[in-house]
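As a plain string of letters, each chain reads:
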Amino acid sequence: MLKVENLKVQYGMIEAIKGISFEVNDGEIVTLIGANGAGKTTTMHAISGLVKPSAGSITLNGTELTKVQPYKIVDMGLAQVPEGRRVFAQQTVEENLILGAYSRKDKEGIASDLADVFQTFPRLKERRSQLAGTLSGGEQQMLAMGRALMAKPSIVLMDEPSMGLSPLLVSEIFHIIEDINKKGTTVLLVEQNAKRALSIAHRAYVLETGNITLSGTGAELAKDERVRKAYLGG
Amino acid sequence: MEFISYLVNGLGLGSVYAIIALGYTMVYGIAKMLNFAHGDVIMIGAYISFFALMNFGLPIIPATLLAIICCTILGVVIEKLAYKPLRQASSLAVLITAIGVSYFLQNGAQLLWTSATKVYPSAMPSGSLTLGGFSISWLTLITIGVCLLIMAVLTTFINKTKTGRAMRACSEDKGAAILMGINVNFIISVTFAIGSGLAAIASVLLCSTYPSVFPTLGAMPGIKAFTAAVFGGIGSIPGAFLGGLLLGIIEILAKAYISTQLSDAIVFAVLIVVLLIKPTGLLGRKLSEKV
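Residue numbers (the working numbering), protein chains in the order written: chain A, 1 to 234; chain B, 235 to 525.
Bear in mind the hints are in silico, worked out from the structure with no lab data behind them.
Using N, Cα and C, we set each Cβ at its ideal position, and we do this for glycine too.
Each hint should be verified, as a subset may be incorrect.
What the hints assert, rightly or not - Examples of chain A residues lying across from chain B (beta carbon under 7 Å, computed): (1) K8; (2) Y11; (3) T66; (4) Q80; (5) S103; (6) D224.
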């Protein structure tokens, strides 16, 4: 479904991504793990068009994304939960969710998806008319996820959804990601929390300073000696 | 009694400032730039409505509509040609470009219509409304009414419509707005269109009060309205209204009670004091720089 080939991204003189290739198949949870500065967020931004790659191709169901206007990508079925959540703090929870459906025109579909999101995240329903900036970190993460789901994507990119959350909330967030996947949405997950990410992922890639150094199923990588040493604390 | 009539006149002048200040504040809120050519869009609006009234003999409302249409197109074209190529450039480059556009419009107007002052026809209802001993001119009433109407329509538009929500989203975080599927360039165009259309309305109200039309007529009201926008908190729509109205009142009261010559100095001094006490302006929000 999503295929990245020989992707390179440059910031000035620095090559942040040095030619990586990976793919995400329909219905999978695929995770990219790696340390700070490995290039995970840059890869996400290249896919959603926020940064321009210097070489390589990114295709979604065969369509080249690097040639599409970034704002049109959502409408092609790819939504993103950005790093640091980036909810619209000055707008209410409900307005944020409605903005998630900005590219859609089917009023009834939007209303029923809003009800679905409120069912998945009951806390958002309680706080629907509160400003998003007043939510806790965990609630903002849920809002960012709900907002991405409002686009009714076939694939959703999640960038560090567990960042800065308490262990209890991290578990909740990972359960929700599995649920979203079971309901039929493909997930590309970028995480520093390698242990949790590998436990729910079908397949995984290890990103190190702009290169993919390892790949395999989630279970395989969780057992791999090098991964254990570098990312799972021995 | 005298005080109340000064106050009403101040509100009238302040309404014009508020309408112009909206253009500054909306563009700043969304495109994060100071459009110093905004005052000159007022001047173009003044010339267009002048010709519509004098040469084509149009009534005031169609003349205003014509000015709105022309200024809206002008605003969008300026943004596309002058500012859009600089989206990634430093804010200083954009600022200097805006000043360049301002000179271009002023000198263009001088070339086309000479620098001779033209007398704006009085097309607004004359006379005044007398209520219990003191009177307000119809023009002042119309000006205040138009300002209130604009405020109501704009607030509803920004808060209740899809495009309004998208505008607020762009003003907070353009990257996240793109992820929602919002066409940021389109939203910026809409913002320039609205600001410039409002400048055209302001030009008709302004020239009906001070009936002379010349190529640099937009400069002073432009800088005053910019002051009003900063005074109220740049980026904030209610702030632009509040700042505009207060500035008008301060200016008229200063003229009436202190000194006509010093009134502008007093207006700017008040701005300095407000910014010293509250650097973000009256209704401005504190912006934290992202690291």
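Each hint tested on the structure:
1. K8: violated (20 Å)
2. Y11: Nearest chain B Cβ about 13 Å off; hint violated.
3. T66: violated (15 Å)
4. Q80: With a closest approach of 5 Å, the A/Q80 hint holds.
5. S103: holds (3 Å)
6. D224: violated (33 Å)
Comparing the model with each earlier hint shows violations of hints 1, 2, 3, 6; every other hint is respected.
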